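Full structure from sequences and hints, please.
Protein chains: 2
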Amino acid sequence: MAGPTPAHVAIDRIPGGVTTPLGFRTAAIACGIKASGLDLALLVADAPASAAALFTTNLVKAAPVLLSQQHLRSSRGVARAIVVNSGCANACTGEQGLAVAQASAAEVARLLECRSQEVLVASTGVIGVALDIEKLRRGLARLVPELRDDRHHDAALAIMTTDRGPKECAVRVTLPGGTFLVGGMAKGAGMIAPNMATMLAFVTTDVRVPSSVLREALTDAARTTFNAITVDGDTSTNDTLFVLASGASGQEVREVGDPTYPLFLEGLREVCRALALEIVRGAEGATKVVSLEVSGAPSDEDARTVARVVANSPLVKTAVHGGDPNWGRLLAAMGRAGVPFDPDRSRVAIGHVVMFDRGVPFDDRAQEAAAHLAGAEISVQLDLGGPGSGRATLYTCDLSAEYVRINADYRT
Amino acid sequence: MAGPTPAHVAIDRIPGGVTTPLGFRTAAIACGIKASGLDLALLVADAPASAAALFTTNLVKAAPVLLSQQHLRSSRGVARAIVVNSGCANACTGEQGLAVAQASAAEVARLLECRSQEVLVASTGVIGVALDIEKLRRGLARLVPELRDDRHHDAALAIMTTDRGPKECAVRVTLPGGTFLVGGMAKGAGMIAPNMATMLAFVTTDVRVPSSVLREALTDAARTTFNAITVDGDTSTNDTLFVLASGASGQEVREVGDPTYPLFLEGLREVCRALALEIVRGAEGATKVVSLEVSGAPSDEDARTVARVVANSPLVKTAVHGGDPNWGRLLAAMGRAGVPFDPDRSRVAIGHVVMFDRGVPFDDRAQEAAAHLAGAEISVQLDLGGPGSGRATLYTCDLSAEYVRINADYRT
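As they're listed, the protein sequences go chains Z and A.
If you're matching positions, the first sequence starts at 1 in the numbering used here and goes up one per residue.
If you're matching positions, the second sequence starts at 1001 in the numbering used here and goes up one per residue.
Just so you know, these hints were derived from the structure itself, not from any lab.
Since we're looking at a predicted model, the values are computed, not measured.
Partial pick of chain A residues on the chain Z-facing surface, computed with a CB cut under 7 Å:
1) 1060
2) 1094
3) 1237
4) 1321
5) 1335
6) 1401
7) 1404
Every residue, glycine too, gets a C-beta built ideally from N, C-alpha and C.
Below, the structure written as structure tokens:
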């Protein structure tokens, strides 16, 4: 591939969020959907932006998901704004819920003087409770005059539910002929599983890029980031990953074959990776982040299947929580994933300490592995021993009593 | 079907366990595999008995599972004894583990003067730790003189690991021409999932029945009992359900077409159901038993898939634990099971209180549903709304902070 040489390019993390890229403004307020705190945010592009999104694969889709899918189709990938509330998921709310989502988009369109289909919608919070359109209307009227290009942190706070804190990041991509920026924010703390989860993420960039190319890059970036994390295997009705591209930097990616495309993709991936790992790190009750590598599988898809089963095993997650190098539970979880392999050719390592190798356990290394598990960043390697060289990496967290407490009491 | 009329037959629960049916003796001792307490039991049939078993579907099978499978094949379904230890699963222990299992069967054969292939073996406990054959040999020598026909309770105690208490039951089947008995014991507290789990169960009967018919009845009985329970979705390397038939009652079931077969099957199922429900009731950290009925699925298998995903959802299980009628989590879990259905035709009921019906939530009934959830026996009905009338019932429990504590500290 011809392109800029490494000497001229760089991808650097910088402080910031969704209003760090040029051409975006945001504001957030407390409009009374939550009992207290910021619960409504509006992200606006100064001019029509290219837009793409990935949505939950759950069969039960919330009203904002159904509406945003419809709007992206009818606008052919152009958006001016995203309105997002926390405290109420507007899911399983039937025709009425869809009407509320439509009315909120229409209200934003009226206030910004754009078309309704250029407004995207997201909600997160309790399922099955009606979203109050009057609260939204009053809130939106107060929000629009407050829109600023430095309010990214307020927006990141407003989208939180049980999150321990806001999740934001930004990167600067330096090209030979200039720079462009990618920024993002996310929420999500439980119900996180591959293929989208109870997770909302909003990514902005000031590169100019057609929505078809934006969509392709987003799908690629999500594969190893947002779609490679799991907290509890539960996927939500509301998961959405949005990306808007303003073009305000003057830099452009015309097509996938462009020399700048790989750099754009890498910048986008870096923002997605940082936000996805923040979600795992901040997961409900989590005290440890686990990077789980599976190799030697018949295919990459098989490796993902094994990784998912192991990552979601309550016995594996509680062992990690307890700092117990219980490789037997890892092997037992591998064995029930439905992917064929020979246990007598497989290998289990915790923090690169091989605990089980081709039928032979090495329990004398338990202390060394336990020392690794005492840390907050855990790595586990599972080799199925072939045949095949399929591999996958998933990120997950431990399962704590705190997770149970949070989720047993969420509504009450 | 021609057969005894209901007036002449009865299936009654009676106190008892594995030595309640005629022709069986057992004994249990502490041989030092566990730090303290009974950890070795021997169940012996006075004469060669018909035998059948179901084993874990996990790809990783422990040495006792591999050996018992082999022995059942080579003996063509005849057994004299089952030796079982707790405290060590003898799993992932390679060639050496298999040699220990073989040596223990050989030792029992020597002591009882039978063939080695007529001895079945089971182990439960920590994975990946070597089982000490010398402890077993010394223990077995002490056990054999202790065999009695009334020691079923000791055996039920000896097979426990993290179980809260022993699990036993017995039934008397009354036919026009006489009676026969079925008895059983089980252990299992976590790592329980359909298609066998970390669960050992031993069922005896004094009916005379060929092993092929015994196997068919066992498979049928397990389908709606042991294979319809799940605690955490984890299946184990050691799961085994054994059944031995002594024929000592004088009653006989020759083939599946016999008029007595349905009664035998029902007696067997009753013992299996009672033991399986005891496992769920006594599951690690469990405070509630949940009966989960799924209907309106494309097929029974699809209904089972949906039930399994919902039953294993940490968010569903924690909501039940918290007494929260969070039907949204139920619907969200249904939606990610991969079985097609229309949420706008589906229905969710908690304790027969309909909370969501064809797109419409009924949150005003939350108090009524919460009152049901405050009990210890929970029932949940999920109707996918067709097309199709596939149905399945699974039994599971809630997920508590206590489960996490038990499993985070199991080895240490």
